[in-house]
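Asker: Chains as they are written, first to last, in this note's numbering: chain A, 49 to 388; chain B, 49 to 388.
What the hints contain is simulated information worked out from the structure, not anything from laboratory work. Just so you know, not all the hints are guaranteed correct.
Stretches of chain A that chain B covers, calculated by requiring three or more beta carbons in the stretch to come under 8 angstroms of a beta carbon on chain B [what the hints assert, rightly or not]:
id: 1; stretch: 187-200
id: 2; stretch: 260-268
id: 3; stretch: 319-326
id: 4; stretch: 367-380
In silico lysine-lysine, DSBU-like type, Cα no more than 35 angstroms apart, as pairs [said to hold, decoys possible]:
id: 5; chain 1: A; residue 1: Lys187; chain 2: B; residue 2: Lys342
id: 6; chain 1: A; residue 1: Lys238; chain 2: B; residue 2: Lys99
id: 7; chain 1: B; residue 1: Lys99; chain 2: B; residue 2: Lys130
id: 8; chain 1: B; residue 1: Lys187; chain 2: A; residue 2: Lys187
id: 9; chain 1: A; residue 1: Lys130; chain 2: B; residue 2: Lys100
id: 10; chain 1: B; residue 1: Lys342; chain 2: A; residue 2: Lys302
id: 11; chain 1: A; residue 1: Lys187; chain 2: A; residue 2: Lys302
id: 12; chain 1: A; residue 1: Lys342; chain 2: A; residue 2: Lys130
id: 13; chain 1: B; residue 1: Lys238; chain 2: A; residue 2: Lys187
id: 14; chain 1: B; residue 1: Lys238; chain 2: A; residue 2: Lys342
id: 15; chain 1: B; residue 1: Lys130; chain 2: B; residue 2: Lys100
id: 16; chain 1: A; residue 1: Lys238; chain 2: B; residue 2: Lys187
id: 17; chain 1: B; residue 1: Lys187; chain 2: A; residue 2: Lys302
id: 18; chain 1: B; residue 1: Lys99; chain 2: A; residue 2: Lys187
id: 19; chain 1: B; residue 1: Lys100; chain 2: A; residue 2: Lys238
In this text, a Cβ means the ideal position worked out from N, Cα and C, and glycines have one as well.
2 protein chains.
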Amino acid sequence: MSTSIRLAIDVMGGDFGPRCIIPAVARSLQQISDLQVILVGDAEQVEPLCKKHQLPSGRFRCVSTTQTILAEDSPASVLRGKPDASMRVAIEQVRDGQADACLSAGNTGALMVLSRSILGTLDSIERPAIMAALPVAGKACYLLDLGANVDCSALQLFQFALMGSEAARELSGIERPRVGLLNIGSEVNKGSQRVREASELLRQSDALNYIGHVEGDGLFRGDADVVVCDGFVGNVVLKASEGLAGYMQAELRKALTANLLLRCLSPLLGAALRPMIRRHDPGCYNGASLLGLKGVVVKSHGGADENAFAAAIDRAAQAGRSNLPQRIALRLEGSVPASQ
Amino acid sequence: MSTSIRLAIDVMGGDFGPRCIIPAVARSLQQISDLQVILVGDAEQVEPLCKKHQLPSGRFRCVSTTQTILAEDSPASVLRGKPDASMRVAIEQVRDGQADACLSAGNTGALMVLSRSILGTLDSIERPAIMAALPVAGKACYLLDLGANVDCSALQLFQFALMGSEAARELSGIERPRVGLLNIGSEVNKGSQRVREASELLRQSDALNYIGHVEGDGLFRGDADVVVCDGFVGNVVLKASEGLAGYMQAELRKALTANLLLRCLSPLLGAALRPMIRRHDPGCYNGASLLGLKGVVVKSHGGADENAFAAAIDRAAQAGRSNLPQRIALRLEGSVPASQ
Numbered sequence: 049m050s051t052s053i054r055l056a057i058d059v060m061g062g063d064f065g066p067r068c069i070i071p072a073v074a075r076s077l078q079q080i081s082d083l084q085v086i087l088v089g090d091a092e093q094v095e096p097l098c099k100k101h102q103l104p105s106g107r108f109r110c111v112s113t114t115q116t117i118l119a120e121d122s123p124a125s126v127l128r129g130k131p132d133a134s135m136r137v138a139i140e141q142v143r144d145g146q147a148d149a150c151l152s153a154g155n156t157g158a159l160m161v162l163s164r165s166i167l168g169t170l171d172s173i174e175r176p177a178i179m180a181a182l183p184v185a186g187k188a189c190y191l192l193d194l195g196a197n198v199d200c201s202a203l204q205l206f207q208f209a210l211m212g213s214e215a216a217r218e219l220s221g222i223e224r225p226r227v228g229l230l231n232i233g234s235e236v237n238k239g240s241q242r243v244r245e246a247s248e249l250l251r252q253s254d255a256l257n258y259i260g261h262v263e264g265d266g267l268f269r270g271d272a273d274v275v276v277c278d279g280f281v282g283n284v285v286l287k288a289s290e291g292l293a294g295y296m297q298a299e300l301r302k303a304l305t306a307n308l309l310l311r312c313l314s315p316l317l318g319a320a321l322r323p324m325i326r327r328h329d330p331g332c333y334n335g336a337s338l339l340g341l342k343g344v345v346v347k348s349h350g351g352a353d354e355n356a357f358a359a360a361i362d363r364a365a366q367a368g369r370s371n372l373p374q375r376i377a378l379r380l381e382g383s384v385p386a387s388q
Numbered sequence: 049m050s051t052s053i054r055l056a057i058d059v060m061g062g063d064f065g066p067r068c069i070i071p072a073v074a075r076s077l078q079q080i081s082d083l084q085v086i087l088v089g090d091a092e093q094v095e096p097l098c099k100k101h102q103l104p105s106g107r108f109r110c111v112s113t114t115q116t117i118l119a120e121d122s123p124a125s126v127l128r129g130k131p132d133a134s135m136r137v138a139i140e141q142v143r144d145g146q147a148d149a150c151l152s153a154g155n156t157g158a159l160m161v162l163s164r165s166i167l168g169t170l171d172s173i174e175r176p177a178i179m180a181a182l183p184v185a186g187k188a189c190y191l192l193d194l195g196a197n198v199d200c201s202a203l204q205l206f207q208f209a210l211m212g213s214e215a216a217r218e219l220s221g222i223e224r225p226r227v228g229l230l231n232i233g234s235e236v237n238k239g240s241q242r243v244r245e246a247s248e249l250l251r252q253s254d255a256l257n258y259i260g261h262v263e264g265d266g267l268f269r270g271d272a273d274v275v276v277c278d279g280f281v282g283n284v285v286l287k288a289s290e291g292l293a294g295y296m297q298a299e300l301r302k303a304l305t306a307n308l309l310l311r312c313l314s315p316l317l318g319a320a321l322r323p324m325i326r327r328h329d330p331g332c333y334n335g336a337s338l339l340g341l342k343g344v345v346v347k348s349h350g351g352a353d354e355n356a357f358a359a360a361i362d363r364a365a366q367a368g369r370s371n372l373p374q375r376i377a378l379r380l381e382g383s384v385p386a387s388q
């Protein structure tokens, strides 16, 4: 049995496709000595790039496909059509035991429905969720769900908490991750019916280090290691945060280059600000996990550059190495209240 | 009939009470020449402060009260108890025609239930909403609801859009404010059932300049002048944005004072950054409107300092001057689809 970590990568996904992904793979193969990759996509595009970036032979192989899933393809249509899509074939590598994890920068909705259909959902899980890390003070705050489930029952929110807690333990090495429930007040009687019910389930469970409600500003105070919410709220908060961070950085750049004197000082200012910017670079935290499936699937940001895609490879390798689905399944046994 | 603008202020509300509010009032009385204020609160605390800050006689009067609503008071308990609370008496000034608007920095839930009970809700409005401005590139993006309504029907979201549009016109002077619906994707089939239904109502109405769905990051790209969502999402997004902005400013300050050379340059850097920070100071945008009531009620941030409270006085005066409730009532006539 091989002890290497085997990753199936959908090289056709994302805004930049193979010309961004192949150099990221080349770099990751240098940095992660036991990494093996299966590159799934159009061989005519992929093979010349593998030569160009000198991918080490014996550590990668290509699986050629003829179809690509587009951003505008509906989840329903990708289930019926495109049997030879690179995304589908990459997930099938995990199902068939050829890979320990699958990574794609393609259409998130399509990745979720294909993963559920091909890999299946863990027995006691009602719905899988998408989880990503927000960079707060150089640490990760894991937020889920990020859009897979628009409406969630209290039990689903409870399951997200268990899955997120286990993932934070594996990915960040925190022994007892602090789990919070996103809400509009810290008092127990706040929020919608479903959030209050979820809060009750979480309080009654001893399987979790539940710290209670976390408000929007608590996300950026490091109040919790894992924060749980429904997919509508999570998606809006994540995108608003990305939007605001980008907006503030652009405003800062404008202000610090407003006159000649400041522009002369830019090497000094750049050196002072670079560690902070690097510590909060969303690219370093790229790689959202699809949790609750019977296999490891990681979603890269569609607009990821080479650096960011390499970060997602890291995350996928880590999740595959720790066999996260099996750990979540073990954790769920006996921890989940009976379906309501 | 007086043409001055008369403001009833709950001076006991907020984290700092009269010692922050009275100096803010003193400054606003200097700056707004036709402003008259009714200071509602504990006369023993208020009157010495009025002397100390030399409030011009003839432009203010005190209404003494013996009770204060606390942050932990439940909305239900403030309706039954505390008949002489400063917040209640301040709202009653509007009901009794003594004031054109009421301003409080106290408990938001209490302010909403007391306002609904004392002033009443506009005829065609199902539920009032709370609206605040996000500072984006020196302009306001109005977001509502911010927590008055945890769950909202499609019709309520539609009504929020009409109220927000009218408020943006009065407060920002935009002729046809661009109204967006906060959602997790730009496609028409995205989001929860209720959001999709609201989207349909908005698309069919010609009373609004409806631009479609706005995603979280769109809030900070200036895509819309008014963005509508339910109170849970709005509250979380607003607080997350405030939390992130505060966190990034603190990180920036740390980075720019990390060494002696940078500290020597701090006057220069301060001058470069100050206009940007001022343009985005949440304090300058302090003052959330309670829309849908038969009177003008404005909520200041509980932690507002003197500057921020003065900004809320400005906003309350502006809303009172334009007689926003009457304008909203006129706008609603004939624009609201039949209740579903």
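Asker: If a hint holds in the structure, say so; if it does not, say that too.
Answerer: These are the hints, each one checked on the structure:
1. 187-200: holds (count 3)
2. 260-268: holds (count 6)
3. 319-326: This one holds; 4 residues, not fewer than the three required, reach chain B with a Cβ under 8 angstroms.
4. 367-380: Coverage by chain B is violated here, the residue count being 0 at a Cβ distance below 8 angstroms.
5. A:Lys187 - B:Lys342: With a Cα-Cα distance of about 48 angstroms, the restraint between Lys187 (chain A) and Lys342 (chain B) is violated, given a limit of 35 angstroms.
6. A:Lys238 - B:Lys99: The hint is violated at about 41 angstroms.
7. B:Lys99 - B:Lys130: Status holds; Cα separation ~28 angstroms.
8. B:Lys187 - A:Lys187: 33 angstroms, holds
9. A:Lys130 - B:Lys100: Not satisfied, since the Cα-Cα distance of roughly 77 angstroms exceeds 35 angstroms.
10. B:Lys342 - A:Lys302: 44 angstroms, violated
11. A:Lys187 - A:Lys302: 28 angstroms, holds
12. A:Lys342 - A:Lys130: Roughly 23 angstroms separates the two Cα atoms, so the pair holds.
13. B:Lys238 - A:Lys187: Holds, at about 32 angstroms.
14. B:Lys238 - A:Lys342: Distance of about 27 angstroms is within 35 angstroms: holds.
15. B:Lys130 - B:Lys100: 29 angstroms, holds
16. A:Lys238 - B:Lys187: Judged against 35 angstroms, a Cα distance of about 32 angstroms means the pair holds.
17. B:Lys187 - A:Lys302: 17 angstroms, holds
18. B:Lys99 - A:Lys187: Since the Cα atoms of Lys99 (chain B) and Lys187 (chain A) sit roughly 51 angstroms apart, the hinted pair is violated (cutoff 35 angstroms).
19. B:Lys100 - A:Lys238: This hinted pair is violated, its Cα atoms lying about 41 angstroms apart.
The structure shown violates the earlier hints numbered 4, 5, 6, 9, 10, 18 and 19.
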